[in-house]
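Number of protein chains: 2
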Amino acid sequence: MIEVTCTAPINIAVIKYWGKRDEKLILPINESTSATLDQSQLCAKTTVAASPDFTSDQMWLNGQEQSMDSARLQNVLKEIRRRARKRKSDGSGEDRVNWHVHICSENNFPTAAGLASSAAGLACLVFSLSKLFEVEGDISDVARQGSGSACRSIYGGFVEWTMGTEVDGSDSRALQIASETHWPQMRVLILVVSAKKKHVGSTTGMQTSVKTSQLLAHRAEKIVPERMVEMRRAIKDKDFQTFAEITMKDSNQLHACCLDTYPPVTYMTDTSRDIVRLVHAVNNHYGENKVAYTFDAGPNACLYLMEDMVPTMLGLVQNFFPPEQDHGEAFLTGLPSKVSTPSQELLNAIPLEPSVGAVQYIIHTKVGPGPQVLIDQSESLLDSTGQPKSSTQ
Amino acid sequence: MIEVTCTAPINIAVIKYWGKRDEKLILPINESTSATLDQSQLCAKTTVAASPDFTSDQMWLNGQEQSMDSARLQNVLKEIRRRARKRKSDGSGEDRVNWHVHICSENNFPTAAGLASSAAGLACLVFSLSKLFEVEGDISDVARQGSGSACRSIYGGFVEWTMGTEVDGSDSRALQIASETHWPQMRVLILVVSAKKKHVGSTTGMQTSVKTSQLLAHRAEKIVPERMVEMRRAIKDKDFQTFAEITMKDSNQLHACCLDTYPPVTYMTDTSRDIVRLVHAVNNHYGENKVAYTFDAGPNACLYLMEDMVPTMLGLVQNFFPPEQDHGEAFLTGLPSKVSTPSQELLNAIPLEPSVGAVQYIIHTKVGPGPQVLIDQSESLLDSTGQPKSSTQ
Chain A
25 MIEVTCTAPI NIAVIKYWGK RDEKLILPIN ESTSATLDQS QLCAKTTVAA SPDFTSDQMW
85 LNGQEQSMDS ARLQNVLKEI RRRARKRKSD GSGEDRVNWH VHICSENNFP TAAGLASSAA
145 GLACLVFSLS KLFEVEGDIS DVARQGSGSA CRSIYGGFVE WTMGTEVDGS DSRALQIASE
205 THWPQMRVLI LVVSAKKKHV GSTTGMQTSV KTSQLLAHRA EKIVPERMVE MRRAIKDKDF
265 QTFAEITMKD SNQLHACCLD TYPPVTYMTD TSRDIVRLVH AVNNHYGENK VAYTFDAGPN
325 ACLYLMEDMV PTMLGLVQNF FPPEQDHGEA FLTGLPSKVS TPSQELLNAI PLEPSVGAVQ
385 YIIHTKVGPG PQVLIDQSES LLDSTGQPKS STQ
Chain B
25 MIEVTCTAPI NIAVIKYWGK RDEKLILPIN ESTSATLDQS QLCAKTTVAA SPDFTSDQMW
85 LNGQEQSMDS ARLQNVLKEI RRRARKRKSD GSGEDRVNWH VHICSENNFP TAAGLASSAA
145 GLACLVFSLS KLFEVEGDIS DVARQGSGSA CRSIYGGFVE WTMGTEVDGS DSRALQIASE
205 THWPQMRVLI LVVSAKKKHV GSTTGMQTSV KTSQLLAHRA EKIVPERMVE MRRAIKDKDF
265 QTFAEITMKD SNQLHACCLD TYPPVTYMTD TSRDIVRLVH AVNNHYGENK VAYTFDAGPN
325 ACLYLMEDMV PTMLGLVQNF FPPEQDHGEA FLTGLPSKVS TPSQELLNAI PLEPSVGAVQ
385 YIIHTKVGPG PQVLIDQSES LLDSTGQPKS STQ
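Protein sequences appear in the order of chains A and B.
Once you know that position 112 of the first sequence is 136 in the working numbering, the rest is easy, because the numbers rise by one and skip nothing.
Once you know that position 48 of the second sequence is 72 in the working numbering, the rest is easy, because the numbers rise by one and skip nothing.
Treat identical chains as interchangeable: a pair holds within one or across any two.
Once the Cα atoms are required to be at most 27 Å apart in a straight line, the calculated BS3-like pairs of lysine-lysine come out as:
| # | residue 1 | residue 2 |
| --- | --- | --- |
| 1 | K235 | K246 |
| 2 | K246 | K44 |
| 3 | K314 | K235 |
| 4 | K48 | K235 |
| 5 | K44 | K235 |
| 6 | K260 | K390 |
These are calculated hints, taken from the structure and not from any lab test.
The following block holds chain A by itself, in its conformation from the complex (with noise of 0.2 Å):
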């Protein structure tokens, strides 16, 4: 048996992708850039295992047993092992190649909550059986056919999906604009917003979209290809009054095509709605933006923002949105912090009443690397047979 762990990070889009104009091979309309999110405090992890004795493929997903049938999941199974073949045409090792392979993977963080964690997952799994079956060169376009936004997650720092115009989309990949050491002040805060399921997936939401949002066709056609240009220089020049500017506009326009979607497809709910006004009322009072929110499928709030900001940040989202008295869990995780209680003349400034319980928890956390392989045997996830270790949900 040969194996390999591996933990892949989330990222967090700050222009947005939504619609694919390829449904099969996960071809986007718009082009879209993320920030790559720090993997001690968020990840997935995945252990990819091949033996000649194994009977089947098999995958478990936080400790279910979960179904190969995916069409997704056997493209991506597919086209590493063609790579795999392609590049060891020599004939060393070729048999590995067509092992049964067993996965098993875990979020550190609650799927629930709505956070890309496909994303991370997809990603995860690629890089795994890249490195298990000693594939290389870019992967990004195997992780996109796996979950779109995936591809983004096999690098880290700053982000770009290009939109690529071969019809078999192996030019729509993933490209580093810049490492997660470029900007080292910039931070992120997720706002995890109580609320029930969200009403329509992601897939869904945007099939939908394009079909039915005319705004959403103009947006992709000629909006976001100048954003684009706008955002890659702010972030080149870690310029945060546009790069901040930039995300929220951005941010708004998906939900606004959302929302111009027939039936509409609404994600934010009253309490993220709060969240875009305490950040637009917080850059008010400081004349210039301190804090970009951006929201995905789901009402959950992402906030970027300079780490000299993070105490600030904190201390008004514990005052607007304060914890349930029983709250059992921390309300603030991830990095370590300061929080400041907010002067009187900032309260003054933000046209909020305090929602108890709104917000459910804070995590704390930066832009990262990419992908990582675990040195350390005991990381596995799965015994010395390819079992899951029962110790992993």
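We have chain A already, so just place chain B on it with the hints.
Frame of chain A; chain B shown alone:
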């Protein structure tokens, strides 16, 4: 002293007006279509009087004296007087036009409910002044200068507001496309949603949208012109399927453009969105559009539906948005109707949990005629000296 007392209706757009190309003349960036609502349930009422004894123009709204300084109000008064003089060029009654006016207005519905009170109010003022000074011909362009959508309240039934092409705005007018008797089965339910005051007024909101939303420009230029044609045909053919679909899509697109505004403008709340879900679930259950929602610059839903669906929808609203136990006032006002208890099958088709108190009350009304002159002198809001009657509030 000469005086006249009139009422004027509110109107609810089914293709929305959002954005001015000329702030002073109030010229819109796109055409719009609305239905005028019956005045038995909702109207503005205005008494205007003129007398050589009045020492200044004065105005009272809902019992409170108002400043006459508003540029819009002055424009309206000036234009009505100009037309009156032009008409009286033979000299008869010319002097009356120069008398000061006393204006006393009230609404028969709560202004805070976020209904289009300014449209009804300005339409009523302009209509009343035109009667007082015997101005004839179309006055919708004068009402437009008072408050854009007021021009549509000058006519009953189904009304379009044309953009016009003249620089002076003289051809940006309202036009009745079908009278109030054309589609007699049409009913309207206004669900007044419990909410604090709205965050951004519609005048400011649309200014910011015009300045910052790239989607709004596309909507006005490319999307609305097609919808106007389809909507006109749907109304003429009494095609509720199309009427409902365009109405819902256009409401969603207006709010999408508000969200694409920077900073974003939001009027719909979680309750508004629950009503959207309710309507789509109902239509889905019946396999055709039975109800259409539309939202203006506030969280209240306006539902268009056929008379035979009213008892069912009332039953559903009472089920999913039941009033608080200690709800003092009537939950249903306006036209009387049976309330049907929804079948279990229908209830099962609706993915909502009941939200107690989320809807404050329901106004049941229908499409109605344009402004009316009240013949009964006891209806006057002014006493014989031209002062507000004490009972006006």
